[in-house]
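Asks: Here is how the chains run, residue by residue.
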Amino acid sequence: MFDAKFSRRSMLAGTALAATGLPWPARAEPQWKKYAGTTIEANLIKGPRGELLQRHAAEFTELTGIKVNSEVIPEQQQRQKLVIELTSGRPSFDVAHISYHVQKRQFDKAGWLADLSGFMKDPNLTAPDLVESDFSAAGLQYAKNDKGEMRSLPWSVDYFILYYNKEIFQKKGVALPQTMEELAQAADTLTDAKAGTFGFVGRGLRNANMALWPCFYFNYGGEFLDAKGNLLTDGPEAIEAAKFYQRLLTKDAPPGVAGFNWMESMAAFTQGRAAMWIDGVGWAPPLEDPNASRVVGKVGYAVLPKGPKGAYSPTYGDGIGVAQASKNKEAAYLYCQWAVSKTMGARLLQIGGGVQFRNSILNDESVRSGVKMPREWLDSVIGSAKISKLGLPVVAPVAEFRDILGSALTATLSGADPATEMKKATDQYRPILERSEKA
Amino acid sequence: MSELAERAAALRKTETTGALGWRRPSYWPFIIPALVIVIGVIVFPWAFTIWMSLNEWKVGAPTTFVGLANYLRLPGDPRFVEAVWHTLLYTLLSVALPLIFGTFAACVFHARFPLRGFLRGLFIMPMMATPVAIALVWTMMFHPQLGVLNYLLSLIGVPPQLWIFHPATVIPSLVLVETWQWTPLVMLIVLGGLAAIPSEPYESAQIDGANGWQVFRFITFPLILPFLFIAAMVRTIDAVKSFDIIFAMTQGGPGTASETINLYLYSVAFAYYDIGYGSAIAVIFFVLIIVLAALLLYVRQRTQWTQLTREAPAEAVA
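Protein chains in written order, with my numbering: chain F, 103 to 541; chain E, 38 to 355.
Any given hint might turn out to be false.
To be verified - Derived list of chain F stretches under chain E, where covered just means 3 residues or more per stretch with a C-beta under 8 Å from a C-beta of chain E:
no.: 1; region: 268 to 281
no.: 2; region: 303 to 309
no.: 3; region: 505 to 513
Please keep in mind that the hints were generated in silico from the structure rather than gathered at the bench.
Ideal placement from N, C-alpha and C gives every residue a C-beta, glycine not left out.
Working from the sequences, and respecting the hints, build out all of it.
Replies: As structure tokens, then:
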């Protein structure tokens, strides 16, 4: 298991290891202690990633001599706090943990985060293994602004995968679906409403469901925006995907799914009431926890089945950056670098708490061998990385997009016509997007 | 100095020191601290909210004055219009049901019986619980497959319900939680009213042979009416502003089926960061609360006045 204590020695070892397999030239060790004595403030999201940094903060202080005061806040409130404080121009933190899929465009437009491109090229500040080419394409797309500047470091990625209950599949003699159509047929076969077992479960709740629907939309060939930035969510692909979503969640999902977020969906799956569930990769630990799950050892993990127009895994992600207004940018950057380092990334992956955007971590066999989750889970993560696609449009009014389109999808679960609802929602959202892009 | 100037100076002196030579008291410096606080924490935020509502004010974008444009957007915004109806329905049910059950509970707990004090304490426990904790527990209880409520219904042969997971039943289900939590408050207020009623009218009614319902309808109810108005006003203001339970249980869903003005306002201001439009909703929301509270006060005043005019001739005759 890759569980070395973070130190200059381990940093060098990681560097050497990475350098053996990758083509960049070896560089000298950065001056970790240059900003010793500085105190920085970090604003993090509550969850495995933020908590992991808090838990090992002493190692960072030992390495750099920089003291870190970190605040870990639940996701929704943290996002609001970031925006409000950054708008004020005098944020109380130097380091910001951001949700790319919701905040990227807003942050790029406002210029709230510092440009890290220069720091990354500075050998006094950056370890040799931290190079742009090590991040996945999705990570770089999230981290870079329109001018190609790195405004944050891509940290953790969330792919959507298929969880399935092997026991229910075996009982009914159903094979793992390879296409979306097969998935729907399998869901039909596996549904036994009288016995309280359903073929599929997933997010039906407004806003939350906009993470599930792209799993179908992309695979039906859909795109959120065309090259000119026009909205495409009322096109034939969107309508087909909405019909598929409606069919799956009305015919094969538990009653009341219109009010289900990930929590209710997971409850149905862990209780053995649902044969399939599509959601983010991060739920493997509770599914494999005997204290929280009745399906321990019975869960299968797979890459999403392909649709008529291809196979994609909607991708969401987190980044970590330095506030433009910070007076300790270099020290804060060292902290960000430590957060996305191989040591911390390996720890995150091994506990199943998240997946790093860095290929050198995912491809390292010593890291993989220490993963506590089933091998199938890791394979689904690696497989999803190859078909990853940003799960939400990169626009500023993302919350409105999720709410308005999500409401339309939820309405289809009560019998509303998918074509009418998608058209109505797109018409409602279009002026909001136009107003935002003009601003 | 001229005579005129001397007389003017004497007049000024009289004005400031008074005829007895005392300096006229000046109280205004004493109200300054309170005035500053009131202006700082009440007047200024309100004035600023109104000012923001007159601007296109989005976080991270330049602010522009748009006059009443944000207010004119409201009637054409289907989510806002829907939210107004949800708020009114939710408020109506969340006031009426606790009033009915609270009055009934107060009548029950007013009577003397063993363990009354203990049971009263038990009854008011929901009121003491944290709304978000209550919401999480009830969400699990409402779960269509795993919740205890559907299990209890199945024991008496009633088919399972979707509770907060269906647009048609979500508001009644939320009201059920609200009623469970706030019926004890109404009970306490009405219990106070019942304790203040003299025993003579009841003795007279007993002599006249009135039954239980007649005693309640013609003696208890009119005498506790002022307390019911107070309870109704407190509940109305509370229910119309309700946020925590709805947010924690449904986030306004499924779809927007339980989205009240307060939840929509929160989304607009803190999820969409449209501060200008959010402020316009806040202003309208405030007006709605004022109107509802004023309506209740008016009904109360009118009721008292009607009672007085009815009673006046009788007193004159007596």
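Asks: A separate judgement is required for each hint: does it hold in the structure or not?
Replies: Checked hints:
{"no.": "1", "hint": "268 to 281", "verdict": "violated (count 0)"}
{"no.": "2", "hint": "303 to 309", "verdict": "holds (count 4)"}
{"no.": "3", "hint": "505 to 513", "verdict": "holds (count 4)"}
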